[in-house]
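Student: Residues per chain are reported as follows:
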Amino acid sequence: MNNKSNSVKNILSGFIIIVIAAGLTFLGYRSLSRKQVTESENPYEYNIEAFLDIPANLIHYSEIKKINTGLKNNYGIAVDSLKQLYVTGDSSVIIFDAEGAVHSSFSLPASANCIAVDKKFTIYLGILNHVEVYDFTGKRTAGWEPLEENSYITSIAASPENVYVADAGKQIVLRYDKSGTLLNRIGDKDEARDIPGFIVPSPYFDVAIDPDGFIWVVNPGRQSLENYNPNGDLRSFWGTASMRLEGFSGCCNPSHIALLPDGSFVTSEKGLERVKVHNRIGEFVSVVAPPKLFTRGTVGLDLAADADGLIYVLDPKAGCVRIFQKTNDRQV
Amino acid sequence: MPEDKSPKYHDRRSFIKNGLNTTAALALGGIAGFTITRSTKGDMVWQIDPDKCIQCEKCAINCVLYPSAVKCVHAYAMCGYCKLCGGYHQPGTKRLDTAAESQLCPTNAIKRTFVENPYFEYTIDEKLCIGCAKCVKGCGSFGNGSLFLQVRHDICVNCNECNIALNCPADAWVRVPADNPYLFRGEVRESPTATSESGDV
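The listed protein sequences correspond, in order, to chains A and B. Here the working numbering is used: the first sequence runs in plain steps of one and ends on residue 332. Here the working numbering is used: the second sequence runs in plain steps of one and ends on residue 201.
By construction, these hints were calculated from the structure, which means they are not laboratory data. For every residue, glycine included, the Cβ atom is placed at its ideal position computed from N, Cα and C. Don't take every hint at face value.
What the hints assert, rightly or not - Short, incomplete list of chain B residues facing chain A, as computed with Cβ under 8 Å:
id, residue
1, Cys56
2, Pro91
3, Gly92
4, Asn144
To be verified - Label-pair distances were calculated between CB atoms; the ranges are:
id, chain 1, residue 1, chain 2, residue 2, range
5, B, Tyr66, A, Pro55, 40 to 46 Å
6, B, Asp154, A, Val102, 33 to 39 Å
7, B, Ile54, A, Gly14, 52 to 58 Å
8, B, Leu166, A, Leu24, 33 to 39 Å
9, B, Asp97, A, Thr25, 42 to 48 Å
10, A, Asn57, B, Leu166, 46 to 52 Å
11, A, Asn57, B, Lys52, 29 to 35 Å
12, B, Pro169, A, Gly14, 40 to 46 Å
13, A, Leu12, B, Glu126, 54 to 60 Å
14, A, Leu27, B, Thr113, 43 to 49 Å
15, A, Leu183, B, Asp51, 41 to 47 Å
16, A, Ser62, B, Pro169, 35 to 41 Å
Required output: the full structure, derived from the provided sequences and hints.
Tutor: Spelled out as structure tokens, the structure:
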């Protein structure tokens with residue numbers, strides 16, 4: 001009886017010792033692996049990795065050309081009806097022909113933040129708080145009266161009859177005739193006219209003209225685009241605040257827009273550097289350039305589009321203009 | 001352009017903004033005064049250069065104090081008062097509200113208050129702030145960079161060899177005069193007193 005009892009005790013003792021040893025081994029392994037994680041990872045990392053990877057089936061454009069501007073600081077681009085590319089930066093303007101070769105260049109009295117070209121090849125430049133006008137040969141033809149104190153011009157759009165100037169400092173768009181006479185203001189907050197007013201937290205405030213001649217203005221603080229008549233009546237708007245592809249990220253995006261010939265929108269963002277296309281009613285269609293194409297922290301991805309639907313993206317950190325062509329018609 | 005002759009007025013937002021700026025200035029001024037009484041002229045103390053800071057979290061885990069003497073500071077004049085705040089909201093949040101899952105701050109140290117549509121004000125609860133810089137990175141990435149880290153000298157024990165400075169990978173810890181110990185975002189500081197020496201206090 002005693003022998004049997006002793007053998008049961010021995011088995012129990014052995015079992016308990018094995019369980020304790022296994023437990024200690026497990027705890028030791030766990031603490032070691034935890035230490036490795038702590039040393040290699042930042043527990044407070046601001047992580048947006050999930051938004052940097054774009055599935056390949058959502059990218060319907062491919063980069064077909066890269067034009068190095070040769071400028072240290074690149075601020076704005078425009079494309080004319082002959083597919084000539086205008087780049088401004090470093091107190092100068094460089095004109096590239098449709099093949100990407102330098103056609104000509106000229107100097108400016110100061111750096112221009114933005115540039116627009118109309119169908120007569122007249123060049124409009126936003127320099128701090130006023131507009132300067134040049135012809136195609138680089139001859140200065142006019143300098144418009146400076147805007148108010150604290151004004152800061154971030155975008156210009158030129159139609160056959162009008163020039164629209166986006167003033168980020170005063171959060172307003174100004175409509176001029178071609179001689180520089182101010183015609184009216186667009187976007188002043190007016191509840192009676194259902195105009196919400198522009199919110200521009202940072203100096204990115206873009207305007208563009210659609211194929212029907214109406215003006216589209218980014219309301220970056222509302223992550224939306226608003227459509228106005230030339231007289232300033234609000235026609236429509238669209239936009240969603242979201243880091244997902246259907247929306248615009250951060251406090252103030254999109255930073256730049258352009259219109260495609262079919263009325264679709266090309267948008268670029270800062271913070272989460274990406275270029276996308278939305279259709280005429282604002283639905284996400286495609287990614288043009290994914291975030292991983294750009295150096296993190298790139299801002300000022302100015303956009304232009306030509307009559308063939310090619311999309312031009314200014315990449316200031318890389319010092320180049322990237323040209324994208326549609327390659328895939330798959331819809332999301 | 002015709003001259004605007006309409007009388008100047010202060011809207012609600014600018015009134016609140018000015019009030020907050022004044023409050024922040026008075027608070028920091030008081031702390032600076034407190035610091036001055038603890039130091040003599042010519043003393044140098046540690047501070048973080050906001051333009052060099054890379055938001056690596058070392059300030060949260062290397063300070064000899066817990067929570068760290070490094071706190072997030074808000075430059076209200078630079079803030080956009082945005083509804084969607086990169087420094088407050090979790091990336092990809094589905095709702096722009098104050099729910100825990102929508103917030104970026106791991107310690108709930110940022111308070112979000114409605115001002116007027118669509119503006120929101122963000123204030124730092126320093127008792128809860130651990131100086132992890134998660135909000136600083138979010139604000140800098142998507143916003144105006146109005147959030148930044150500073151060593152609060154009413155909390156800092158002025159170690160002779162600051163443990164965070166020794167571990168800072170960005171060389172962002174600099175020596176500044178004890179009677180002017182803060183480096184604000186957007187501030188033009190006249191003399192380059194900030195140096196990256198690791199000298200004595």
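Student: For every hint, state whether the structure bears it out.
Tutor: A quick look at each hint next to the structure:
Below 8 Å, beta-carbon pairs count as interface contacts, and B:Cys56 has one with chain A at about 7 Å; its hint therefore holds. Proximity of B:Pro91 to chain A holds as hinted, the smallest CB-CB distance being about 5 Å (cut-off 8 Å). Given the 8 Å rule on beta carbons, the hint for B:Gly92 holds: about 5 Å separates it from the nearest Cβ of chain A. Restraint check, B:Asn144 versus chain A: the minimum CB separation of about 5 Å is within 8 Å; hint holds.
Here the CB-CB span from B:Tyr66 to A:Pro55 is close to 43 Å, well matched to the stated 40 to 46 Å. A C-beta distance of roughly 59 Å is found between B:Asp154 and A:Val102, which places it outside the suggested range of 33 to 39 Å. A hinted range of 52 to 58 Å for the beta carbons of B:Ile54 and A:Gly14 is consistent with their spacing of about 55 Å. Remark: the range hint 33 to 39 Å for B:Leu166 to A:Leu24 is upheld by a beta-carbon distance near 35 Å.
A C-beta distance of roughly 46 Å is found between B:Asp97 and A:Thr25, which places it inside the suggested range of 42 to 48 Å. Range check, A:Asn57 to B:Leu166: Cβ separation about 49 Å, and the 46 to 52 Å hint holds. At roughly 41 Å, the beta carbons of A:Asn57 and B:Lys52 sit outside the given window of 29 to 35 Å. A hinted range of 40 to 46 Å for the beta carbons of B:Pro169 and A:Gly14 is inconsistent with their spacing of about 52 Å.
Range check, A:Leu12 to B:Glu126: Cβ separation about 57 Å, and the 54 to 60 Å hint holds. Between A:Leu27 and B:Thr113 the Cβ separation comes to about 46 Å, which falls inside the hinted range of 43 to 49 Å. For A:Leu183 paired with B:Asp51, a C-beta distance near 42 Å keeps the hint of 41 to 47 Å intact. Taking the beta carbon of each, A:Ser62 and B:Pro169 are about 38 Å apart, inside 35 to 41 Å as hinted.
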